[in-house]
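Number of protein chains: 2
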Amino acid sequence: MEDVFAEIITIGDEILYGQITDTNSQWIGKELGKIGFRIIRKVSVGDKREEIISALEQAEARASVIIMTGGLGPTKDDITKKTIADYVGDELVLNQEVLENIKHIFKVRNREMNDLNRSQAYIPSRAQVLMNTLGTAPGMWIEHNNKILVSLPGVPHEMKKIMNETALPQLSTAFPTPYIHHVMIKTIGIGESRIAPMIEGWENNLPPYIKLAYLPRLGQVRLRLTGVGPDKESIVSQVEEQAKALVKIIEKYVYAYDNEEVESTVGKLLLQKKHTLATAESCTGGRVADKITDIAGCSTYYLGGIVAYSNQVKIDQLGVDKETIERYGAVSEQTAKEMAEKVRLKYGADYGISTTGVAGPGGGTAEKPVGTVYIAVADEKGTEVKKLNLSEDRQVNIRLTYSAVLDLLRMRLLEQAS
Amino acid sequence: MEDVFAEIITIGDEILYGQITDTNSQWIGKELGKIGFRIIRKVSVGDKREEIISALEQAEARASVIIMTGGLGPTKDDITKKTIADYVGDELVLNQEVLENIKHIFKVRNREMNDLNRSQAYIPSRAQVLMNTLGTAPGMWIEHNNKILVSLPGVPHEMKKIMNETALPQLSTAFPTPYIHHVMIKTIGIGESRIAPMIEGWENNLPPYIKLAYLPRLGQVRLRLTGVGPDKESIVSQVEEQAKALVKIIEKYVYAYDNEEVESTVGKLLLQKKHTLATAESCTGGRVADKITDIAGCSTYYLGGIVAYSNQVKIDQLGVDKETIERYGAVSEQTAKEMAEKVRLKYGADYGISTTGVAGPGGGTAEKPVGTVYIAVADEKGTEVKKLNLSEDRQVNIRLTYSAVLDLLRMRLLEQAS
Numbered sequence: 001m002e003d004v005f006a007e008i009i010t011i012g013d014e015i016l017y018g019q020i021t022d023t024n025s026q027w028i029g030k031e032l033g034k035i036g037f038r039i040i041r042k043v044s045v046g047d048k049r050e051e052i053i054s055a056l057e058q059a060e061a062r063a064s065v066i067i068m069t070g071g072l073g074p075t076k077d078d079i080t081k082k083t084i085a086d087y088v089g090d091e092l093v094l095n096q097e098v099l100e101n102i103k104h105i106f107k108v109r110n111r112e113m114n115d116l117n118r119s120q121a122y123i124p125s126r127a128q129v130l131m132n133t134l135g136t137a138p139g140m141w142i143e144h145n146n147k148i149l150v151s152l153p154g155v156p157h158e159m160k161k162i163m164n165e166t167a168l169p170q171l172s173t174a175f176p177t178p179y180i181h182h183v184m185i186k187t188i189g190i191g192e193s194r195i196a197p198m199i200e201g202w203e204n205n206l207p208p209y210i211k212l213a214y215l216p217r218l219g220q221v222r223l224r225l226t227g228v229g230p231d232k233e234s235i236v237s238q239v240e241e242q243a244k245a246l247v248k249i250i251e252k253y254v255y256a257y258d259n260e261e262v263e264s265t266v267g268k269l270l271l272q273k274k275h276t277l278a279t280a281e282s283c284t285g286g287r288v289a290d291k292i293t294d295i296a297g298c299s300t301y302y303l304g305g306i307v308a309y310s311n312q313v314k315i316d317q318l319g320v321d322k323e324t325i326e327r328y329g330a331v332s333e334q335t336a337k338e339m340a341e342k343v344r345l346k347y348g349a350d351y352g353i354s355t356t357g358v359a360g361p362g363g364g365t366a367e368k369p370v371g372t373v374y375i376a377v378a379d380e381k382g383t384e385v386k387k388l389n390l391s392e393d394r395q396v397n398i399r400l401t402y403s404a405v406l407d408l409l410r411m412r413l414l415e416q417a418s
Numbered sequence: 001m002e003d004v005f006a007e008i009i010t011i012g013d014e015i016l017y018g019q020i021t022d023t024n025s026q027w028i029g030k031e032l033g034k035i036g037f038r039i040i041r042k043v044s045v046g047d048k049r050e051e052i053i054s055a056l057e058q059a060e061a062r063a064s065v066i067i068m069t070g071g072l073g074p075t076k077d078d079i080t081k082k083t084i085a086d087y088v089g090d091e092l093v094l095n096q097e098v099l100e101n102i103k104h105i106f107k108v109r110n111r112e113m114n115d116l117n118r119s120q121a122y123i124p125s126r127a128q129v130l131m132n133t134l135g136t137a138p139g140m141w142i143e144h145n146n147k148i149l150v151s152l153p154g155v156p157h158e159m160k161k162i163m164n165e166t167a168l169p170q171l172s173t174a175f176p177t178p179y180i181h182h183v184m185i186k187t188i189g190i191g192e193s194r195i196a197p198m199i200e201g202w203e204n205n206l207p208p209y210i211k212l213a214y215l216p217r218l219g220q221v222r223l224r225l226t227g228v229g230p231d232k233e234s235i236v237s238q239v240e241e242q243a244k245a246l247v248k249i250i251e252k253y254v255y256a257y258d259n260e261e262v263e264s265t266v267g268k269l270l271l272q273k274k275h276t277l278a279t280a281e282s283c284t285g286g287r288v289a290d291k292i293t294d295i296a297g298c299s300t301y302y303l304g305g306i307v308a309y310s311n312q313v314k315i316d317q318l319g320v321d322k323e324t325i326e327r328y329g330a331v332s333e334q335t336a337k338e339m340a341e342k343v344r345l346k347y348g349a350d351y352g353i354s355t356t357g358v359a360g361p362g363g364g365t366a367e368k369p370v371g372t373v374y375i376a377v378a379d380e381k382g383t384e385v386k387k388l389n390l391s392e393d394r395q396v397n398i399r400l401t402y403s404a405v406l407d408l409l410r411m412r413l414l415e416q417a418s
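In order, the protein sequence lines correspond to chains E and R. Just so you know, we're using the numbering used here here: the first sequence kicks off at 1 and counts up by one. Just so you know, we're using the numbering used here here: the second sequence kicks off at 1 and counts up by one.
Treat the hints with care, since some could be wrong.
Identical chains blur together in the list; that is why a pair holds if it fits in one copy or across any two.
No farther apart than 30 Å at their CA atoms in a straight line, the calculated lysine-lysine pairs in the DSSO-like style are these [said to hold, decoys possible]:
1) LYS346 x LYS244
2) LYS386 x LYS268
3) LYS147 x LYS48
4) LYS147 x LYS160
5) LYS48 x LYS160
6) LYS273 x LYS386
Don't read these hints as lab results, they were simulated from the structure. As the structure is a computational prediction, the values presented were derived from the model and not from experiment.
Working from the sequences, and respecting the hints, build out all of it.
Next comes the structure, spelled out in C-alpha cells:
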C-alpha cells in the first residue's frame, strides 16, 4: 500500500486576518489521520479567485485528496463555488436535490426563502452532492485529473456532519491506506529538556516505523508516539507496548492520554470510586466547573459549586470565616483551605477543591503580585494547599490554575487508590 | 505606497494532524493586519526538511515577509533551524548572547542545564537574534533575496512577546504600509440571507475601497467592514461612518463590536449603571461565570454564582422550591425562573440570570429532548424566561445557551437604559 497524501485548504479572509479560529482544518486533519491518510500541508487563502486557483494547483501537485472548506455561503463575498467550477472546466447548474433540501430547511425553520438561498442550489454539473441536512450550502465531491476534490461549507457542525456521513466513508473506500496509530501521553510539572535525557535509552531503541514527538504547551509537555504499518493489529499493539514502556519511566508526571484532559482523568477516577466533588472558585471564575461539566455524564460525580468572586460571597455563601479573610487576605493559604473544606461540607461531597488568586491584570501587590494563586483539595482525611507563582497574563493564569487544581485532585485520588 | 504581502508558515506534524490548535497563525495574522500588511497565505507543514524548504520557496515567490513559528525546541524532532540555515546558505554558529540568556533562565528556574539546552544557542551566522526572555529558543530575523524571514518559537506566549517587543516594531519600520481599518459588527438572532436584502441598498453604495464580508457562526452572523487607504485618519472615519449607517439598519440584532463578545457588552452596561450580577447555572455548568470573569475588572459588577448541577444543590444551596422541581421538572420555565430570582436575592445582586436544560448526550425525553433549555433574567421589576430548542450536540448547546442568556440580559439592560 502506498501513502495517500491529503491537503487541506480553508478559505476566507477572516482566517488570514485571525478574526476566527480555524478549527475546521484541525478537525479534518485529525479525522484524515485516523483513516491513515498522510497530511502533507494545510493552506489558508483569502476569498480571491486567483489565490484559490493557485492553492488548488499547488495542492494537486502534492496530494491525491484535497479537502476545502469555506466560501459557500449565500452572500456575494463567497466565490468558491464559481472558482471551483472554472478550475475543473465545468459550469454551475441547478441541482434539484439540493434545492429540495434548502426548501425543506426553510419550511422547518418557518422562514421565507429568497433568491440568495435559491442560488445555493447551483453546483458544478459533474459534482456529486454531499448532502448538508443542517444547512443550505451543499458539500461537493469532484474528481479531476485523477485527484479527488471535496468542497465543504465552513460552518463547523455542518462540515463535520457531511464528513462523518459521506466524505470520510467514501475516502476510506477509495483509498485503502497503511494504518497509522497515535498515542499521546500528556505530562505536567516537568520540562522537555528534563524528559529527554530520562527517556533517551528507550527512544534510541524505537523501531524506525515508530516516531516520538515532543509537543510543549503551557506548563505541560505532551509526547506523541506515531506508528505506521500495513497491519492494524500489529502496529496498534507495538505502539501501545512502547507507550507503556515510556510511561513507566515518567509515570508520576503523566496525567492523561490522547484526547483526554485532566478533567476526564479525574472524572474516571471519581466514577471508579463512586465519590462526589464540589468546587469553590475565586480566581478561576467558573472555569474549573465549566471544564468538569464539559464531560458528558459528569452529573454522576459532580454536584456543583460556588463561584465566590466577591469577599462577601466567600463569607455569606461559602461560609469562609470573615476573620480569616481579614487576617490573611482572600488570596492566602488559609482562605483556599477554608474554601475547599466549606464547599465540601456544604454540598455534602467527598471532595472539595478551591482556587483563589490574583489573576490580573489588576489587584497585585508587592507581597502578592499578579500570578500568586493558592489551590486546595479537601477530603475526609484533611486538606492539601499548594501555592503557585504564575504569570502576568490573566488568561494564562486562569488556564494554569484550572489544570493545577484538577491535577492536585488527581494526585490525591491516585494516592488513595494505591 | 505599495501593498506589503506577508505569509505565515507554522511548522509541526501536530498541527497537520490536528493534535493542537494553531492559535499562533491566528494571532500573527491579526497583528500583521493591524500594521497594514496584507496576508496572502497561511501554510502549515510537518517537521520535514523538504516540506519546509518547499513552503519557504513558494512563500518567497508571493510575499515580502515570511513569519515562521515552531520547530525550535531542544529535542531531536525539531529540524527547523538547520533547514533555515541551509535554505539561506548559512551555517549554525554559537551565539554568545543567546547562550547567556539560556544560562540565565536555568539559573532563575534553579535547574541544571544540559547539552540539549546548550544546542539552542546555535543560530545561523547571518541571523539577527530576537531575544526570547521567556524561553530558551531564540527568535531570528534573516534577510534573504530581499525578503525578510522571521523565525519564532512555537510556544505562544514566547512567540507573542518576541513579536510585540522586536519583530512587529522592526517590520513597521521596514515597510511603511497603507492603512487598513476593520470594524466587526456582531449580530445574533438573524441569518445571513435575511440580513443581505435588508442592507442591500447600503452595501451597493459602499466606495470601492471599503468591503463587506459576512462571517456566519453558531447562531450568530458577524459583518466585517474593511477599508484600505493611504491616509489613516480618512480611512478610519469613513469606515466608522459606514459602520454606523449599517448598524442603524439592523440595530436590534447587534450585540457587540470588534473583539468584544457579549460578555464584554454586558459588562460595560453593568458598569455604566453601577449594577451587580449573580449567576445560577445548571446545563452551562459554569460557562456563563467563566465567560463573565474572562473580562478583567469584572469584580466591580460580578459578585459570583452557583453551579447547581444536581437537584439537591438547586434546592439546598440555591433555594429552589422542592415542589417546583417535582411538579415541573428541573428543566422547566418555573425552575429557570426561580433559579434566577433566588440567586439574585441570595447574593444581593441587581440582576440574577439562570440556565437549565438538557445539554446531552443523555437525559433527553420525548417531551424534553436533548437541546431543550430554559434561560431567565430576574431584576427588581420581574423575571423574563425564554425557552430555546437547540441541537443534539452538548458543546454546541452549552455555547448557544451561554450567549443566549447573556444576550437576554443585554436586551434587558438596554430596555432599561432607554
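If you test the structure against every hint from before, which numbers come out violated? 1
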